[in-house]
Structures are given as structure tokens and as C-alpha cells.
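Q: Sequences listed follow chains A and B, in order.
If you read the first sequence in our numbering, its first letter stands for residue 104, the second for the next number, and so on.
If you read the second sequence in our numbering, its first letter stands for residue 9, the second for the next number, and so on.
What the hints contain is simulated information worked out from the structure, not anything from laboratory work.
Be a bit skeptical, because a hint or two may be false.
[To be verified] Cut-off 30 Å, straight-line C-alpha distance, at most; resulting in silico cross-link-like pairs (DSS-like, lysine-lysine):
| id | chain 1 | residue 1 | chain 2 | residue 2 |
| --- | --- | --- | --- | --- |
| 1 | B | LYS16 | A | LYS650 |
| 2 | A | LYS456 | A | LYS483 |
| 3 | A | LYS402 | B | LYS45 |
| 4 | A | LYS279 | A | LYS402 |
| 5 | A | LYS456 | A | LYS402 |
| 6 | A | LYS456 | A | LYS531 |
| 7 | A | LYS260 | A | LYS527 |
| 8 | B | LYS119 | A | LYS402 |
| 9 | A | LYS262 | B | LYS163 |
| 10 | A | LYS262 | B | LYS173 |
| 11 | B | LYS52 | A | LYS526 |
| 12 | B | LYS173 | B | LYS123 |
| 13 | A | LYS527 | B | LYS45 |
| 14 | A | LYS509 | B | LYS206 |
| 15 | A | LYS238 | A | LYS260 |
| 16 | A | LYS262 | B | LYS52 |
| 17 | B | LYS173 | A | LYS531 |
| 18 | A | LYS262 | B | LYS123 |
| 19 | B | LYS45 | A | LYS531 |
| 20 | B | LYS123 | A | LYS526 |
| 21 | A | LYS527 | B | LYS163 |
| 22 | B | LYS191 | B | LYS16 |
| 23 | B | LYS195 | A | LYS402 |
| 24 | A | LYS355 | A | LYS483 |
| 25 | B | LYS52 | B | LYS16 |
| 26 | A | LYS395 | B | LYS206 |
| 27 | A | LYS630 | B | LYS45 |
| 28 | B | LYS45 | A | LYS483 |
| 29 | B | LYS173 | A | LYS527 |
| 30 | B | LYS163 | A | LYS456 |
| 31 | B | LYS173 | B | LYS119 |
| 32 | A | LYS526 | B | LYS173 |
| 33 | B | LYS123 | A | LYS395 |
| 34 | B | LYS173 | A | LYS630 |
| 35 | B | LYS16 | A | LYS527 |
These numbers come from a predicted model, not from an experiment.
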Amino acid sequence: MDKKVQAMEECCENERSALPENAQQEAAPLAAEMTEEAASEERPACESPATVEESLPLEQETDSGNAAAHAEIVAVCAEETVASDTVEQKSPAVEEMHHFVAKAEVQKSAPQLSSEEPRETHASEEPVQPPEVQKPVSLFFNGLTGFGITQQGESHKRKGNIPCQDSMDVRLLQNKPIILCAVADGVGECEYSHYGSRKAVTTVLDILQRRLEDAAAQETFVFRDHARMQGLMLEAFRAALHAVDQLAEEMKKLPFSFQSTLTAAVYDGSQLYIGHAGDDGLVALAADGSCKMLTRRHKGEASNSVFPLQARNMDFIAVDQEITAFALMTDGVLDAVVGNEAFENRVYYPFFKQLFETVLINEVDVREICDAMDQMLASKEYRERVSDDLSLVVVTNQQLLINSEKPQFDAEAWNRQTAEITKKINAKLYPSDPPKPKQKRTTPRNYVEYTPPKIEHADDKRTAPEQEPAIRQKRSTPSERDRPDYSFQRPGTSYVSVSDKHAPDPVQQEKRPGTQQQTEEFLSILKTLGCGEEIWLWARKTIAAEKGSLRRVRNRAQIFGGDALDLISEAMRNLEKGE
Amino acid sequence: MPINISEKLPPKHPYERHLAAAICGDRSGSMLGEPIKLLNEAMKFFGTELAADSLSQGRIDVTVLSFGSDVRTEMGFRSAEEYQAPTFTAGGSTSMNQAINEALDALEARKSEYKSNGMTYYRPWLFVFTDGYPTDSNLEAATKARLQDYIQRKKVLYIPMAIGKGADIACLQSYYPASEPLKPVLKCEPSALKDAFKWLSTSMSATSNSDPNLGNIQSPPLPNTIALGL
Numbered sequence: 104m105d106k107k108v109q110a111m112e113e114c115c116e117n118e119r120s121a122l123p124e125n126a127q128q129e130a131a132p133l134a135a136e137m138t139e140e141a142a143s144e145e146r147p148a149c150e151s152p153a154t155v156e157e158s159l160p161l162e163q164e165t166d167s168g169n170a171a172a173h174a175e176i177v178a179v180c181a182e183e184t185v186a187s188d189t190v191e192q193k194s195p196a197v198e199e200m201h202h203f204v205a206k207a208e209v210q211k212s213a214p215q216l217s218s219e220e221p222r223e224t225h226a227s228e229e230p231v232q233p234p235e236v237q238k239p240v241s242l243f244f245n246g247l248t249g250f251g252i253t254q255q256g257e258s259h260k261r262k263g264n265i266p267c268q269d270s271m272d273v274r275l276l277q278n279k280p281i282i283l284c285a286v287a288d289g290v291g292e293c294e295y296s297h298y299g300s301r302k303a304v305t306t307v308l309d310i311l312q313r314r315l316e317d318a319a320a321q322e323t324f325v326f327r328d329h330a331r332m333q334g335l336m337l338e339a340f341r342a343a344l345h346a347v348d349q350l351a352e353e354m355k356k357l358p359f360s361f362q363s364t365l366t367a368a369v370y371d372g373s374q375l376y377i378g379h380a381g382d383d384g385l386v387a388l389a390a391d392g393s394c395k396m397l398t399r400r401h402k403g404e405a406s407n408s409v410f411p412l413q414a415r416n417m418d419f420i421a422v423d424q425e426i427t428a429f430a431l432m433t434d435g436v437l438d439a440v441v442g443n444e445a446f447e448n449r450v451y452y453p454f455f456k457q458l459f460e461t462v463l464i465n466e467v468d469v470r471e472i473c474d475a476m477d478q479m480l481a482s483k484e485y486r487e488r489v490s491d492d493l494s495l496v497v498v499t500n501q502q503l504l505i506n507s508e509k510p511q512f513d514a515e516a517w518n519r520q521t522a523e524i525t526k527k528i529n530a531k532l533y534p535s536d537p538p539k540p541k542q543k544r545t546t547p548r549n550y551v552e553y554t555p556p557k558i559e560h561a562d563d564k565r566t567a568p569e570q571e572p573a574i575r576q577k578r579s580t581p582s583e584r585d586r587p588d589y590s591f592q593r594p595g596t597s598y599v600s601v602s603d604k605h606a607p608d609p610v611q612q613e614k615r616p617g618t619q620q621q622t623e624e625f626l627s628i629l630k631t632l633g634c635g636e637e638i639w640l641w642a643r644k645t646i647a648a649e650k651g652s653l654r655r656v657r658n659r660a661q662i663f664g665g666d667a668l669d670l671i672s673e674a675m676r677n678l679e680k681g682e
Numbered sequence: 009m010p011i012n013i014s015e016k017l018p019p020k021h022p023y024e025r026h027l028a029a030a031i032c033g034d035r036s037g038s039m040l041g042e043p044i045k046l047l048n049e050a051m052k053f054f055g056t057e058l059a060a061d062s063l064s065q066g067r068i069d070v071t072v073l074s075f076g077s078d079v080r081t082e083m084g085f086r087s088a089e090e091y092q093a094p095t096f097t098a099g100g101s102t103s104m105n106q107a108i109n110e111a112l113d114a115l116e117a118r119k120s121e122y123k124s125n126g127m128t129y130y131r132p133w134l135f136v137f138t139d140g141y142p143t144d145s146n147l148e149a150a151t152k153a154r155l156q157d158y159i160q161r162k163k164v165l166y167i168p169m170a171i172g173k174g175a176d177i178a179c180l181q182s183y184y185p186a187s188e189p190l191k192p193v194l195k196c197e198p199s200a201l202k203d204a205f206k207w208l209s210t211s212m213s214a215t216s217n218s219d220p221n222l223g224n225i226q227s228p229p230l231p232n233t234i235a236l237g238l
């Protein structure tokens, strides 16, 4: 993939370098003016007033949509604007298309994040408005249908009404029957990701729309050229990245808080191109009747982590098969109907069947199915399962769908497969032979990451392990007390004491009782002194733990203070006197 | 044309998100007598509680480690329905630090198994209970650093419990990172161990059936027999 991306990048670089250098530089400042001029000139040129009104939002979006932020992109835009100026009359087909475009509100209600006005003068005066919740979009042209839905998730409502961080859009080119759509899911942890996702979607679609419309107008349309189209997609994604960064700068916030995923698709009724970054997904139905997810989820190790657009981990896919319908989803929908990797990304077709196989003959039908889906996704049953924000975009080619093969869903096979996969996973997770209990004490382990600070002592007597009773007896024989004996130290192991507090005092070590008999004597003295059961039990346990060192037991008793310390000190004195 | 959209979603499979829990129990000499008997009963009771809760099946994986002079894995990771209560025998010192280290190792290994199988999981739980004071002080600094780091990075949910009056609450609290505002430690008498394990099982069930997107989980209230040291 990297190689592919690199190749595309080179391709783009070549394209740009084909422009004369001065043209690129000069074009930049002119771009805004030229696009506005183009818009104002085109409007009165249209003949039918009804058509003009219908198509106006689209045109405005096209002309004012792009931020024209990046110098390179601006150069490209300028080139395109000049090109579009040269188109004097729209073809009858385009006129006809405008009659059919039923574009519901979205573009009007969409926030004008991508305002074309110069930022230097207006940015400080007009703060960027937060994006409103998007309304459903639907469109229909000549058998090509498309609709999109975005909803705020329950989790966002409950957590103090976090805005809906998902964004989507569906558009139809003005001069070609081509559908563009995109979804983006703002990263939950990022405060302004709802701005980021909206900006990413509008920018990527603006760039794609401009480039494709102008290419169509210039009759240099290269829709079937996979490499060029993937290059175009890459360019659009880069523009989106840059536009989001620009927005962050404009709002004077960290770019990190604007992160989102982004998945976009371009479809002409059979050929599909996908640009993809993040854990969204695209499920497509091919003419041969296969229905599968064509993207992969860009996820990190943890289940809720994602590589967003800003991770620059992007896939650009040119689908080889003839596609009859597809659905573009953010994880709020995708994860509910497409299995994870363990379940081999299985697509649950009954969900998609209703979306892909419902016959739609006009824009009213499209609006109806859009509303029905909107209700279904907001239903209680669905919301019990999914608490995240969700977006769904469905695009179909009804003409192709009528005669194409459809997948046959076998519920039994599905359940059988579920059981098999579950069994396989369980065999790994719960082996029939459980790990045997460890009986032997292991030597202190060397945890590489958490090695305690090593404090070497001049007197290394303390470093000897004092575990086996036989060894202790050997140590306590009077003849060998005078000098330390290291003969039992295991080769290759080093024991290092951690704290100075426990450093052995050679004099005390000589004196310490250390033997079982003395310990018992000490405990009985404690009892005779009227020590409570709790303290007595604690003392017994601690003596065992401290290998019979009463001095250290007394040190530990200091944390109790009061009676316990007095009792133990007195018992120690009595023990010494007794000797 | 009437458009009919019915709610067609795949059947929900239970093996969606797992909660791994490591239980580290004290079986040192100080537990001799009645306490260890009560503990063994409580561990059995915990098993029946887990098995009775249909919601937690296929979601909760438990491992049990015990520490005395040595650390034993009494039961490797098992699902709630396959839980087998171990029987502890009291004796020896309190190698709590080594037990915590081994439990963290086990939890990490479990998480990587979930990952390699494409499963999702909740933050694993580490439940440690003792009636005394760790005696393996040579591992103390390293273990504290490791656990504090894990807690800070939200890699583990640490739930310490002090049994009886001999337990050192300050010591159990010192395993929390210093930055933690509250350092909760459960306190109970040996006779209330059953209540404690019942609470543990219901809390685990509540967590394993929660949606992590919905924020913090409301854990069931503590029974009267268990106090909370902060």
C-alpha cells in the first residue's frame, strides 16, 4: 500500500509540476475572485428560473465550498475555474439532471465552515459557528439513488450532550451522473472533532466535485483511469487534512482536537473508487451477487482505538468488480452489522438486503426509505445495541440491480459459522488442560521495565538467601559465625537489597536469636505480658517473615506505635535478661 | 411504493467483550484457623454466584492466585461457568508483591490473547486481599512502581481489600499512584468474606454488561459488613 500511495504522490507531484511555476503563484491570490465571478456569471445564464433555484445550493456549495487554503490546491482550483468559465452552455442532459436532483435541506443547513471569505479580515470578527446536527439527505437521478443519515449517539446525549461528531454528505455531479459521498467520525477524545469531521467531509467532496465536473466539462474525463482517479482521491484527502489543520489554526485550537476518520466514495453506477482512513467501512454489493466489506478497519491495539485521517494511514481503492449498490458507514452502524476480524468481517446481509433490494423508482421513494432508515436507527432496539454516533450513506444503481444476482442469506449457515468460530476462539482462550499450579517458589524475577534501584552494600552478608532451614542451621553453628559463608549462593543470581533500612547490623546479627527455640520463648513472653491475640499473631507472622530477627520485628512494630511497640520491646528485654 | 424497513440485525453473540479478573488471595500463616476456613467457603460461594448470573456468562474470565511463602496459580483463566473454587491451606509468609507481579503478567498475557483473537475487552481487574503486610520487601519497590504505572495508564483496575484488624491499609494504599485523589481500600472481617465476594461478583457482572461508551459504571452498593477506607 505504501508503494501505491507513494506512486500516487509522485503522480500528483508530476501533475502539479506540469503547471508553469509562475502560473501557480499568480493563480493563488486570484482564485477566490475568479470563483466568485464564475458563480455570478453562471446564475443569470440559466434559462429556467425553477431550475436555477433548484440547482443554486449545489452551485454555491461548489463555488464557495473549498477553502482554497493550500497553495497547491488553490492553484489547481484556479486552473479549474478558468476551465469552467469556458463552458458557455450546459448540455440538455445536465439541464434534465437538475430537474431530478432532489436535494433535501442539508446543504442549506450545513454550517458555512468553508466560507470563502478572506480569513485574515473576518476570522476575528466572526467566530466559527458550531456545526448543527445534519439532516438526512436524499437524491435520485435516472436510477441512481443515494441517501445519508447522521444521528447523535445515546452515549453523547448522556455525557452532558456531547455534540454529534459524525458527519456525512452525498452529492451528485452537475454535469455527469456520478455520485460522491463521504462519512467521517470525529475522534471521541478530541474536543472539536465535530468541526474536524464536518470540515473533512466538505473539503474532500468539494475537491472531488470540482475536479470531476471540470474534467467532464473539458472532455478530458478519465473516470475509468484507475491511477488518475486514485491520485485525485489522494489529493482530495490531503486537501481535507490541510483544511482541518487550517480550521484549527483559525479557531486557535490544537490540531489534535480536530481529528476524525474519513471515508469517501465516487460512483458512476458501476465503477467505484474508495478513499479510506479510519474505522469506518464500505460494504458493496457486486453484480455477481457477492456482498462484502471492501475496506479494512484501521484500528490500534485496544478495541476502542482508531487511526484517524491525521495518522495518514490511507487506502485508495479502485474496485475491479461492477458494483450495483454500496453502503458507507461509521462504526456506529458498521460494527453492528459487520463482524470483527475474529468473525472474518462477516456481513449480515438481511440488514443490507432491505437497503439494496428495495425497488426505488423516484425521489419520493428515496426520501421514504431514508426516513424509514432514520427511524429504524433511532429505534429503541437499535439504540440498546449501539450507543455511539452513527452515520449511514446508501447508494444504489436501480437499473443494474434489477437484473443482477443477489446473495442468498442462509440463517442456519450463519449460526453454524458463529458456533464454529466461537468454538475455535474458546479452544484458544480456555485450553482443556489448565496451567498446573506452581508449587515451587521461583527466584525473584527480574522485571526488565521495573528494576528496583540497585544499592550495593559493602557488607554482602544480607544478600544471601535465607530460605532453607538446613542452611540456616549451618549458619548458626558457632564455628562458622565469625565469617560469612557464601558457599550456598547460587551461581548467576544476585540478590540486592532495596532499602538502607534493612541493612544488616553486624553486631545485631551476632546477637539475634534466630533459632526456633528463641522465637518460641519470645512469643510465650509476649503472651505472659498480656499481649492481645491480634498483636501476638502479627508478631508470630512477622518473625517468620523476618527470619527470626526480633530487631526487625520491633522496627516494624513502630508503625503500630503505642502498646504494641512497648510490648514487643519489653518482651525483647525480658528475653535478653532470661539468657 | 410502500417502503418496509424492519429491524434486521444479526443475533447478538455473547463473546463480544471480555472482562479478565485476577484474584490474589492471602494464605499466609496468620490466616490459620477460622479465617482460612471462611475464605475457602467464600471462594466456593463466589463460584456459585458467578455461575448463577446468566448475564456474565461468556464475558468474565477469572484466574485465582494465592500467596504464602510462595505464589501459586490455583486456577488459570476460566470462564465464569467453568470456575472451580480452590482450597487454600494457610501457612508461611506473605509474598504479596510477587503475587501482584504474577497476576499482572497473567492479565497482560490474557489481553494479548484477546487481541490475537480479535476480541474486545474491558480494563482488567486485580483484586488483592490480605490480612497482614507483604513480607517480600525485596520486590516491593519494583512492584509498586509497576502497579502504579499500570493504574495511571488505566491498564488495570486495582481493588485491594484488608481482612481483619491486622491488615495494613496504608500499605495497600501505597500501591496506588501518588496522584490518585482517592485510594479506596475495602475493609472487612473474615466473617464478611462471603459478602465481599458476592459484591465482587455482582460488580463484575455489572461491568461486563455495561457499555464503555456510557462512562463510569455504577457499581452495586457495598454491603454493611464492608467498610471503605479512603
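Q: Please go over all the hints and tell whether each is borne out by the structure.
A: The hints, checked one at a time:
Annotation: proposed proximity of LYS16(B) to LYS650(A) is violated, straight-line Cα distance about 68 Å (limit 30 Å). Restraint check: the Cα-Cα separation between LYS456(A) and LYS483(A) comes to about 21 Å, which is no more than 30 Å; the hinted pair holds. At roughly 48 Å between alpha-carbon atoms, LYS402(A) and LYS45(B) are farther apart than 30 Å, so this suggested pair is violated. Restraint check for LYS279(A) and LYS402(A): the C-alpha separation of about 36 Å exceeds 30 Å, so the hint is violated.
A hinted pair counts as satisfied when its Cα atoms are at most 30 Å apart, and LYS456(A) with LYS402(A) qualifies at roughly 27 Å. In summary, the hint linking LYS456(A) to LYS531(A) is not supported, as the alpha carbons are separated by about 34 Å, beyond the 30 Å threshold. Note on LYS260(A) and LYS527(A): the hinted pairing is violated, with a Cα-Cα distance of about 38 Å set against a maximum of 30 Å. Proximity of LYS119(B) to LYS402(A) is assessed by CA-CA distance (about 16 Å); at most 30 Å being required, the pair is judged to hold.
The straight-line distance between the Cα atoms of LYS262(A) and LYS163(B) is roughly 23 Å, inside the 30 Å bound, and the hint therefore holds. The hinted pair formed by LYS262(A) and LYS173(B) fails the criterion: a straight-line CA distance of about 41 Å is larger than 30 Å. A distance of roughly 27 Å separates the Cα atoms of LYS52(B) and LYS526(A); the hinted pair therefore holds under the 30 Å criterion. A distance of roughly 41 Å separates the Cα atoms of LYS173(B) and LYS123(B); the hinted pair therefore is violated under the 30 Å criterion.
Pair hint LYS527(A) plus LYS45(B) does not hold up; C-alpha atoms about 39 Å apart against a cutoff of 30 Å. Between the alpha carbons of LYS509(A) and LYS206(B) the distance comes to roughly 52 Å, so the proposed pair goes past 30 Å and is violated. For the hint linking LYS238(A) to LYS260(A), the alpha-carbon distance of about 17 Å falls within 30 Å, and the restraint holds. Restraint check for LYS262(A) and LYS52(B): not satisfied, since their Cα atoms lie roughly 39 Å apart, outside the 30 Å limit.
Between LYS173(B) and LYS531(A) the CA atoms are separated by roughly 43 Å; this puts the pair beyond 30 Å, and the hint is violated. Distance check on the hinted pair: LYS262(A) and LYS123(B) sit about 28 Å apart at the alpha-carbon level, within 30 Å; holds. Between the alpha carbons of LYS45(B) and LYS531(A) the distance comes to roughly 34 Å, so the proposed pair goes past 30 Å and is violated. For a cut-off of 30 Å, the pair hint linking LYS123(B) to LYS526(A) stands: about 17 Å separates their Cα positions.
With a C-alpha separation of about 27 Å, the suggested pairing of LYS527(A) with LYS163(B) holds against the 30 Å cut-off. Between LYS191(B) and LYS16(B) the CA atoms are separated by roughly 46 Å; this puts the pair beyond 30 Å, and the hint is violated. Our distance criterion of 30 Å between C-alpha atoms is broken by LYS195(B) and LYS402(A), whose separation comes to about 41 Å. The hinted pair formed by LYS355(A) and LYS483(A) fails the criterion: a straight-line CA distance of about 39 Å is larger than 30 Å.
For the given pair, LYS52(B) sits about 42 Å from LYS16(B) by alpha-carbon distance, which is inconsistent with the 30 Å threshold. Annotation: proposed proximity of LYS395(A) to LYS206(B) is violated, straight-line Cα distance about 45 Å (limit 30 Å). Only pairs whose Cα atoms come within 30 Å are accepted, and LYS630(A) paired with LYS45(B) is accepted, the gap being roughly 25 Å. The hinted pair formed by LYS45(B) and LYS483(A) fails the criterion: a straight-line CA distance of about 48 Å is larger than 30 Å.
Taken as a hint, the LYS173(B) and LYS527(A) pair is broken in the structure, with Cα atoms around 47 Å apart against an allowance of 30 Å. Of the pairs offered as hints, the one joining LYS163(B) and LYS456(A) is violated, with about 41 Å between alpha carbons and a cut-off of 30 Å exceeded. Only pairs whose Cα atoms come within 30 Å are accepted, and LYS173(B) paired with LYS119(B) is rejected, the gap being roughly 35 Å. In summary, the hint linking LYS526(A) to LYS173(B) is not supported, as the alpha carbons are separated by about 47 Å, beyond the 30 Å threshold.
Our distance criterion of 30 Å between C-alpha atoms is met by LYS123(B) and LYS395(A), whose separation comes to about 23 Å. For the given pair, LYS173(B) sits about 19 Å from LYS630(A) by alpha-carbon distance, which is consistent with the 30 Å threshold. Between LYS16(B) and LYS527(A) the alpha-carbon distance is near 27 Å, which keeps this suggested pair within the 30 Å criterion.
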